[in-house]
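Chemist: Sequence:
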Amino acid sequence: MNTIWQTVTWDVARAGGFTAYVLLTLAVVVGLALSTQLQSPSRWPRLINSELHNFLTLLSTIFLVVHVLAVWIDPFTSFGWNEIFIPLASHYRPEWMAFGIVALYLGIAIGISTWLRPNIGYSWWRRLHVLTLGV
Numbered sequence: 037m038n039t040i041w042q043t044v045t046w047d048v049a050r051a052g053g054f055t056a057y058v059l060l061t062l063a064v065v066v067g068l069a070l071s072t073q074l075q076s077p078s079r080w081p082r083l084i085n086s087e088l089h090n091f092l093t094l095l096s097t098i099f100l101v102v103h104v105l106a107v108w109i110d111p112f113t114s115f116g117w118n119e120i121f122i123p124l125a126s127h128y129r130p131e132w133m134a135f136g137i138v139a140l141y142l143g144i145a146i147g148i149s150t151w152l153r154p155n156i157g158y159s160w161w162r163r164l165h166v167l168t169l170g171v
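Sequential numbering of the sequence shown, starting at 37, is according to this note's numbering.
Be careful, since some hints might not be right.
As the list claims (entries may be wrong) - Label-pair restraints from in silico Cβ distances:
#1 R163 <-> T43: 35 to 45 Å
#2 S71 <-> T43: 19 to 29 Å
#3 R50 <-> T168: 19 to 29 Å
#4 L124 <-> I84: 34 to 44 Å
#5 A134 <-> I109: 12 to 22 Å
For the record, the hints were derived by calculation from the structure and aren't laboratory data. By construction, the Cβ of each residue, glycine as well, lies at the ideal position given by its N, Cα and C atoms.
The task is simple: from the sequences and hints, build the whole structure.
Modeler: See below:
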């Protein structure tokens, strides 16, 4: 018997992925706005600051976790952990899944580099942070 509840995990996975993508795009835009030479208080609204950038990044990470978990428990895709974490191992749209998995790994590398920024120095952190454009 088909019910509307059978598609809930698929809908949550799609909505979580789309929301994470939009939030991450906004985080990148805010980060680029903060890194430009035009960052004088008179030109930018007070809302655009590093706290907004961090908040958008954290929120996108939460929705990314929702997306990954919903894809994992979805009965339609029936993914195992290897298909979620190994690029090109998926039976469902392997190229697109590989793009998402590689983006996840780049995001993890960026997060670790931000956490280690006091130890690796600003210049190395800045170089690694450019990987954000690949995500």
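Chemist: Run every hint past the structure and note whether it holds.
Modeler: Comparing the hints with the structure gives:
The beta-carbon spacing between R163 and T43, approximately 43 Å, falls within the hinted interval of 35 to 45 Å. Against the hinted window of 19 to 29 Å, the Cβ-Cβ separation of S71 and T43 comes to about 41 Å, which falls outside the hint. For the hinted restraint 19 to 29 Å between R50 and T168, the CB-CB distance of approximately 23 Å keeps it satisfied. At about 38 Å, the CB distance of L124 to I84 agrees with the hint of 34 to 44 Å.
The hint said 12 to 22 Å for the Cβ distance between A134 and I109, and at roughly 21 Å that hint holds.
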